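Visitor: Next come the chains, spelled out residue by residue.
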Amino acid sequence: QQQVKQSPQSLIVQKGGISIINCAYENTAFDYFPWYQQFPGKGPALLIAIRPDVSEKKEGRFTISFNKSAKQFSLHIMDSQPGDSATYFCAASGQGGALNFGKGTSLLVTP
Amino acid sequence: KAGVTQTPRYLIKTRGQQVTLSCSPISGHRSVSWYQQTPGQGLQFLFEYFSETQRNKGNFPGRFSGRQFSNSRSEMNVSTLELGDSALYLCASQGGAITDTQYFGPGTRLTVL
Numbered sequence: 001q002q003q004v005k006q007s008p009q010s011l012i013v014q015k016g017g018i019s020i021i022n023c024a025y026e027n028t029a030f031d032y033f034p035w036y037q038q039f040p041g042k043g044p045a046l047l048i049a050i051r052p053d054v055s056e057k058k059e060g061r062f063t064i065s066f067n068k069s070a071k072q073f074s075l076h077i078m079d080s081q082p083g084d085s086a087t088y089f090c091a092a093s094g095q096g097g098a099l100n101f102g103k104g105t106s107l108l109v110t111p
Numbered sequence: 001k002a003g004v005t006q007t008p009r010y011l012i013k014t015r016g017q018q019v020t021l022s023c024s025p026i027s028g029h030r031s032v033s034w035y036q037q038t039p040g041q042g043l044q045f046l047f048e049y050f051s052e053t054q055r056n057k058g059n060f061p062g063r064f065s066g067r068q069f070s071n072s073r074s075e076m077n078v079s080t081l082e083l084g085d086s087a088l089y090l091c092a093s094q095g096g097a098i099t100d101t102q103y104f105g106p107g108t109r110l111t112v113l
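Residue numbers (my numbering), protein chains in the order written: chain L, 1 to 111; chain U, 1 to 113.
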């Protein structure tokens, strides 16, 4: 079964707006939560990642918020740009190392 | 450093055939993982190799197999191809520790007719 649930499936945001993508997981053994960005014809590229010992991590315009008790984490893209238009995947893994991916969110940032 | 390379980039096969895909990890990386990406199922883990040994395995049938060579390059093989095997096959390179970041290659697009 899907171990990581991601929403929304698609998202349209105006340039300069905030894009928010949410993920939820069930397995409490997960201890690593990365976000990947994928452009058409390319492989996923790591955007930002967090471990459960912190509740928030920010890198430039990208922020991960993590709620351990709710088993949820989200990606916020501030000041969204047309170049951010891509598919975003959340993922989770435990000590086993295999990444369990969400189904992806197709983001379109309009000019 | 050069990134992860995968060959071939595109492949067309017919049902019943077999196929071999190749992956060269980032220099110095000792772990290679394989994932299957389809529109319906998303990204699913196939298996991981570290120092020529399978360290982890996903829930795929035995038709899917892999191996890793002493230079860390990896191959995956799919035998008796089915239409449903059409997918983007992605290879991810990792330093070696289970907690290291996984870096993905561009993938091999396999079409089964």
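It should be emphasised that the hints constitute simulated quantities derived from the structure, not laboratory data.
Remember, predicted model here, so these are calculated numbers, not experimental data.
Be aware that a few hints might be false.
Cβ-Cβ distance ranges computed for the label pairs, FRET-style [what the hints assert, rightly or not]:
{"#": "1", "chain 1": "L", "residue 1": "3", "chain 2": "U", "residue 2": "65", "range": "41 to 47 Å"}
{"#": "2", "chain 1": "U", "residue 1": "86", "chain 2": "L", "residue 2": "18", "range": "44 to 50 Å"}
{"#": "3", "chain 1": "U", "residue 1": "77", "chain 2": "L", "residue 2": "83", "range": "24 to 30 Å"}
{"#": "4", "chain 1": "L", "residue 1": "22", "chain 2": "U", "residue 2": "10", "range": "48 to 54 Å"}
Among the chain L residues that face chain U by a calculated CB cut under 10 Å, a handful are [as the list claims (entries may be wrong)]:
{"#": "5", "residue": "54"}
{"#": "6", "residue": "55"}
{"#": "7", "residue": "97"}
In silico BS3-like cross-links for lysine-lysine, where the CA-CA straight-line distance does not exceed 30 Å [unchecked claim]:
{"#": "8", "chain 1": "U", "residue 1": "13", "chain 2": "L", "residue 2": "57"}
{"#": "9", "chain 1": "L", "residue 1": "71", "chain 2": "U", "residue 2": "13"}
{"#": "10", "chain 1": "L", "residue 1": "42", "chain 2": "L", "residue 2": "5"}
{"#": "11", "chain 1": "L", "residue 1": "42", "chain 2": "L", "residue 2": "57"}
{"#": "12", "chain 1": "L", "residue 1": "58", "chain 2": "L", "residue 2": "15"}
{"#": "13", "chain 1": "L", "residue 1": "5", "chain 2": "L", "residue 2": "58"}
{"#": "14", "chain 1": "L", "residue 1": "5", "chain 2": "L", "residue 2": "57"}
{"#": "15", "chain 1": "L", "residue 1": "57", "chain 2": "L", "residue 2": "71"}
{"#": "16", "chain 1": "L", "residue 1": "68", "chain 2": "L", "residue 2": "5"}
{"#": "17", "chain 1": "L", "residue 1": "58", "chain 2": "U", "residue 2": "13"}
{"#": "18", "chain 1": "U", "residue 1": "57", "chain 2": "U", "residue 2": "13"}
{"#": "19", "chain 1": "L", "residue 1": "103", "chain 2": "U", "residue 2": "57"}
{"#": "20", "chain 1": "L", "residue 1": "68", "chain 2": "L", "residue 2": "57"}
{"#": "21", "chain 1": "L", "residue 1": "15", "chain 2": "L", "residue 2": "57"}
{"#": "22", "chain 1": "L", "residue 1": "42", "chain 2": "U", "residue 2": "57"}
{"#": "23", "chain 1": "U", "residue 1": "57", "chain 2": "L", "residue 2": "5"}
{"#": "24", "chain 1": "L", "residue 1": "5", "chain 2": "L", "residue 2": "103"}
{"#": "25", "chain 1": "L", "residue 1": "103", "chain 2": "L", "residue 2": "68"}
{"#": "26", "chain 1": "L", "residue 1": "68", "chain 2": "U", "residue 2": "13"}
{"#": "27", "chain 1": "L", "residue 1": "71", "chain 2": "L", "residue 2": "103"}
{"#": "28", "chain 1": "L", "residue 1": "58", "chain 2": "L", "residue 2": "42"}
Backbone N, C-alpha and C fix where the C-beta goes; we use that ideal spot for every residue, glycine too.
Visitor: For every hint, state whether the structure bears it out.
Guide: Against the structure, the hints:
Distance hint check: the CB atoms of residue 3 of chain L and residue 65 of chain U are about 24 Å apart, inconsistent with the given range 41 to 47 Å. Restraint check, residue 86 of chain U to residue 18 of chain L: a C-beta distance of roughly 37 Å breaks the suggested window 44 to 50 Å. Remark: the range hint 24 to 30 Å for residue 77 of chain U to residue 83 of chain L is contradicted by a beta-carbon distance near 38 Å. Range check, residue 22 of chain L to residue 10 of chain U: about 34 Å between beta-carbon atoms, so the 48 to 54 Å window is missed.
Nearest Cβ of chain U to the Cβ of residue 54 of chain L: about 15 Å, over the 10 Å cut. The hint is violated. With its C-beta approaching chain U no nearer than about 20 Å, residue 55 of chain L sits outside the 10 Å limit, and its interface hint is violated. Because the closest C-beta pair between residue 97 of chain L and chain U is about 4 Å apart, less than 10 Å, the hint holds. Proposed proximity of residue 13 of chain U and residue 57 of chain L is contradicted: the alpha carbons are some 44 Å apart, above 30 Å.
Between residue 71 of chain L and residue 13 of chain U, the direct Cα distance comes to roughly 42 Å. Violation of the 30 Å bound is thereby established for this hinted pair. The straight-line distance between the Cα atoms of residue 42 of chain L and residue 5 of chain L is roughly 23 Å, inside the 30 Å bound, and the hint therefore holds. Under the criterion of a C-alpha separation no larger than 30 Å, the hint pairing residue 42 of chain L with residue 57 of chain L is consistent with the structure, at around 26 Å. Restraint check: the Cα-Cα separation between residue 58 of chain L and residue 15 of chain L comes to about 20 Å, which is no more than 30 Å; the hinted pair holds.
Proposed proximity of residue 5 of chain L and residue 58 of chain L is supported: the alpha carbons are some 22 Å apart, at most 30 Å. For the given pair, residue 5 of chain L sits about 21 Å from residue 57 of chain L by alpha-carbon distance, which is consistent with the 30 Å threshold. For the hint linking residue 57 of chain L to residue 71 of chain L, the alpha-carbon distance of about 16 Å falls within 30 Å, and the restraint holds. Under the criterion of a C-alpha separation no larger than 30 Å, the hint pairing residue 68 of chain L with residue 5 of chain L is consistent with the structure, at around 15 Å.
Pair hint residue 58 of chain L plus residue 13 of chain U does not hold up; C-alpha atoms about 44 Å apart against a cutoff of 30 Å. Under the criterion of a C-alpha separation no larger than 30 Å, the hint pairing residue 57 of chain U with residue 13 of chain U is consistent with the structure, at around 25 Å. Restraint check for residue 103 of chain L and residue 57 of chain U: the C-alpha separation of about 20 Å stays at or below 30 Å, so the hint holds. In summary, the hint linking residue 68 of chain L to residue 57 of chain L is supported, as the alpha carbons are separated by about 14 Å, within the 30 Å threshold.
Taking the CA atoms of residue 15 of chain L and residue 57 of chain L, the gap is near 23 Å; set against the 30 Å cutoff, the hint holds. Of the pairs offered as hints, the one joining residue 42 of chain L and residue 57 of chain U holds, with about 24 Å between alpha carbons and a cut-off of 30 Å not exceeded. This hinted pair checks out: residue 57 of chain U and residue 5 of chain L have alpha carbons roughly 21 Å apart, not beyond 30 Å. Taking the CA atoms of residue 5 of chain L and residue 103 of chain L, the gap is near 7 Å; set against the 30 Å cutoff, the hint holds.
Between the alpha carbons of residue 103 of chain L and residue 68 of chain L the distance comes to roughly 21 Å, so the proposed pair stays at or under 30 Å and holds. Pair hint residue 68 of chain L plus residue 13 of chain U does not hold up; C-alpha atoms about 45 Å apart against a cutoff of 30 Å. As the CA atoms of residue 71 of chain L and residue 103 of chain L are separated by approximately 17 Å, the hinted pair is consistent with the 30 Å bound. Under the criterion of a C-alpha separation no larger than 30 Å, the hint pairing residue 58 of chain L with residue 42 of chain L is consistent with the structure, at around 25 Å.
The structure fails to meet hints 1, 2, 3, 4, 5, 6, 8, 9, 17, 26 from the earlier list, while all remaining hints are met.
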